[in-house]
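Given the sequences, and given the hints that come with them, work out the whole structure.
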Amino acid sequence: MVNLDKFQKDIIKAAKEFAKGEFEPEAALEYDGEGVFPHEVINKAKELGFIGIHFSEQYTGAGLTYFEEVILSEALAQVDSTFGISIMYSVVGAEPIFLFGSEEQKSEFLPKVIEGDEIICHALGNNYDFILGANSPCIRVESIQDGAFILNGELSNVINGPCADWLIFCIHGSQIHRDEDFCIFLVPLDMDGIEIEPKVKGLGWSMCPRANIVFNNVELDKTYFLRNGYIGKKELMRFWASEMIIIAGLCLGIAKGSLDKALDYVKVREQFNKKLMDFPVTREKISEMLIKVLQARLITYNAAKALSNTTRKTSWKKLSKIVSQVSMAKVSSARAAKEVSDQSIQLLGGYGYMREYHVERFYRDAKCCELLGGNIHANRELIIQNAV
Amino acid sequence: MQILPYKKEHHEFRKRLREFCKKEVIPNIPMWEQQKLVPKEVWQHMGRSGFLCPTVDKRYGGLGGDFLYSVILAEEIAYTNHSGLFASLHSDVVVPYIVSYGSEEIKQKYLPGCVKGDIITAVAMTEPDAGSDLSSIKTIAQDQGDYFVLNGSKTFISNGINCDLVVVAARDPDIEDPYKAMSLYLVEDGTEGFNKGNKLDKMGMHSQDTAELFFVNCKIPKKNILGQKTMVFLC
Numbered sequence: 001m002v003n004l005d006k007f008q009k010d011i012i013k014a015a016k017e018f019a020k021g022e023f024e025p026e027a028a029l030e031y032d033g034e035g036v037f038p039h040e041v042i043n044k045a046k047e048l049g050f051i052g053i054h055f056s057e058q059y060t061g062a063g064l065t066y067f068e069e070v071i072l073s074e075a076l077a078q079v080d081s082t083f084g085i086s087i088m089y090s091v092v093g094a095e096p097i098f099l100f101g102s103e104e105q106k107s108e109f110l111p112k113v114i115e116g117d118e119i120i121c122h123a124l125g126n127n128y129d130f131i132l133g134a135n136s137p138c139i140r141v142e143s144i145q146d147g148a149f150i151l152n153g154e155l156s157n158v159i160n161g162p163c164a165d166w167l168i169f170c171i172h173g174s175q176i177h178r179d180e181d182f183c184i185f186l187v188p189l190d191m192d193g194i195e196i197e198p199k200v201k202g203l204g205w206s207m208c209p210r211a212n213i214v215f216n217n218v219e220l221d222k223t224y225f226l227r228n229g230y231i232g233k234k235e236l237m238r239f240w241a242s243e244m245i246i247i248a249g250l251c252l253g254i255a256k257g258s259l260d261k262a263l264d265y266v267k268v269r270e271q272f273n274k275k276l277m278d279f280p281v282t283r284e285k286i287s288e289m290l291i292k293v294l295q296a297r298l299i300t301y302n303a304a305k306a307l308s309n310t311t312r313k314t315s316w317k318k319l320s321k322i323v324s325q326v327s328m329a330k331v332s333s334a335r336a337a338k339e340v341s342d343q344s345i346q347l348l349g350g351y352g353y354m355r356e357y358h359v360e361r362f363y364r365d366a367k368c369c370e371l372l373g374g375n376i377h378a379n380r381e382l383i384i385q386n387a388v
Numbered sequence: 001m002q003i004l005p006y007k008k009e010h011h012e013f014r015k016r017l018r019e020f021c022k023k024e025v026i027p028n029i030p031m032w033e034q035q036k037l038v039p040k041e042v043w044q045h046m047g048r049s050g051f052l053c054p055t056v057d058k059r060y061g062g063l064g065g066d067f068l069y070s071v072i073l074a075e076e077i078a079y080t081n082h083s084g085l086f087a088s089l090h091s092d093v094v095v096p097y098i099v100s101y102g103s104e105e106i107k108q109k110y111l112p113g114c115v116k117g118d119i120i121t122a123v124a125m126t127e128p129d130a131g132s133d134l135s136s137i138k139t140i141a142q143d144q145g146d147y148f149v150l151n152g153s154k155t156f157i158s159n160g161i162n163c164d165l166v167v168v169a170a171r172d173p174d175i176e177d178p179y180k181a182m183s184l185y186l187v188e189d190g191t192e193g194f195n196k197g198n199k200l201d202k203m204g205m206h207s208q209d210t211a212e213l214f215f216v217n218c219k220i221p222k223k224n225i226l227g228q229k230t231m232v233f234l235c
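Here the protein sequences line up with chains A and B, keeping their order. Residues in the first sequence are numbered consecutively from 1, following the working numbering. Residues in the second sequence are numbered consecutively from 1, following the working numbering.
Simulated from the structure, these hints should not be mistaken for laboratory data. All values reported here derive from a predicted model rather than from experimental measurement. Treat the hints loosely; a few may be bogus.
[Stated by the list, open to error] Restricting the straight-line Cα-Cα distance to at most 30 Å, the calculated cross-link-like pairs of lysine-lysine (DSS-like) are:
1) A/K233 / A/K13
2) B/K109 / B/K223
3) B/K109 / A/K261
4) A/K367 / A/K233
5) A/K367 / B/K202
6) B/K202 / A/K201
7) B/K229 / A/K267
Right, dumping it as structure tokens:
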């Protein structure tokens with residue numbers, strides 16, 4: 001079993017108390033139905049210090065690690081996955097600044113995101129095809145004039161795109177004769193030439209609105225660079241790993257939260273003059289669900305601890321191994337989330353299919369976890385690449 | 001190799017149905033999903049085009065086809081990627097109750113409408129506390145001489161809002177053995193004491209009008225019992 005210290009247990013306790021108080025079931029149905037970004041709840045989470053806890057204290061973070069982010073994600077998503085996802089993901093867009101930003105950028109932007117009202121979204125998922133050996137640029141460098149890039153193209157499905165103030169994206173170095181690098185930008189979304197096209201609500205993650213972001217001859221000089229404008233594959237991998245581990249944590253919460261709902265139900269529901277809990281088929285299902293939750297938790301906690309110990313100086317070899325572990329955590333916890341929430345719906349029967357029972361939402365959110373943060377096939381590729 | 005023995009007529013039926021869906025169903029699905037209902041006119045259009053209840057005898061206006069027609073109907077509606085127009089439930093689950101157990105009078109009264117799409121049907125068995133365990137239903141049908149009086153509530157009833165006719169499972173309160181107490185009754189929409197609840201808000205199947213149904217001192221004619229009394233668990 002994983003031993004948590006008192007401080008970590010307190011984080012979980014505080015997060016659950018917060019979630020139970022603020023994640024109102026009625027609001028969840030409404031926000032989920034209409035695809036609303038829960039600004040107020042996120043601001044309350046900020047006030048209580050739940051946002052960006054692994055960022056250093058000098059940037060108003062709590063100086064903790066990815067491990068604490070994982071247990072926080074799990075606790076929030078266990079109470080309500082859609083709210084939990086929205087809160088945890090609201091800060092993922094700022095992660096590249098924390099990982100690759102200059103000192104000035106970190107000091108300027110991180111407090112705005114952690115304590116202020118600003119949202120940064122990222123489109124680095126659009127570069128994920130790079131892992132699979134493809135390189136189809138979403139954003140094209142049309143020309144370079146006086147050191148400024150003229151960019152055209154479209155970034156698709158950018159999470160929090162419709163409500164963000166800033167965007168981080170990158171283009172593959174092959175477009176500017178720097179094959180080994182990615183050129184990374186931090187741009188305000190109200191800039192000339194940038195158009196935000198909100199997308200209709202998808203299956204899950206409904207409190208994280210998505211948009212396609214279209215570039216029409218957007219002119220960016222080096223003042224829009226993140227750090228000095230170039231990051232290597234290793235750095236991008238570290239970012240992806242940080243995103244994957246948060247999603248893995250959220251998946252643990254989905255699995256555990258839906259299992260809680262199923263347990264509550266089978267203990268009281270009676271059919272054929274017996275509690276559902278007393279049917280062998282129910283006991284079989286519940287025990288399988290418990291196993292899946294614990295397996296996913298162990299692999300995720302383990303990977304989160306490993307990732308927490310990485311720095312910019314971690315060797316490529318070591319990092320690849322850890323990224324592989326993190327990928328395994330994401331793949332297995334997403335699978336656990338999907339399978340356990342599926343079985344929870346099954347145990348609740350027709351009620352599980354009704355929105356007001358708040359079980360089907362776990363399932364919808366779980367499916368999206370298989371697709372986001374690199375879909376699980378790209379995640380698997382990271383595992384394979386490390387193994388061979 | 002053809003596994004199912006489809007004939008030329010089956011293929012033609014499928015072709016016509018697919019054309020119908022392409023024209024009358026698929027373009028409207030986004031609207032139906034939003035309204036959480038398929039308009040009754042679509043059912044009528046479908047019925048008058050010969051696609052509902054394909055196995056019902058020609059005497060009642062049906063096609064008199066074999067079950068392969070039902071298979072085609074189920075496949076082609078599913079192929080449209082929506083489930084609001086639950087024609088299979090109507091044609092191959094509910095209407096067969098009437099065909100199998102209705103008196104000649106009942107068949108003549110309802111079947112032509114079911115075929116034409118003027119009568120949409122539903123079956124009401126599930127209750128809030130009775131899902132898999134059908135014997136535990138609480139809805140009762142009391143024999144009061146000239147009529148039965150129904151009391152109880154049903155849930156998760158597909159076609160619940162659109163239905164014009166419902167097959168309702170209810171117990172005779174005077175019979176103790178739950179397996180012997182149950183019978184099926186036909187209740188028409190508009191019968192006093194029969195009320196439809198709200199559309200249920202579901203994970204998917206948004207255009208399907210799944211609903212709760214309520215029966216409060218709902219009087220129905222004696223002839224609306226389907227088959228023999230208390231036969232539900234015996235057949």
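Legend entry - List of violated hint numbers, smallest to largest: Numbers 1, 3 and 7, in rising order.
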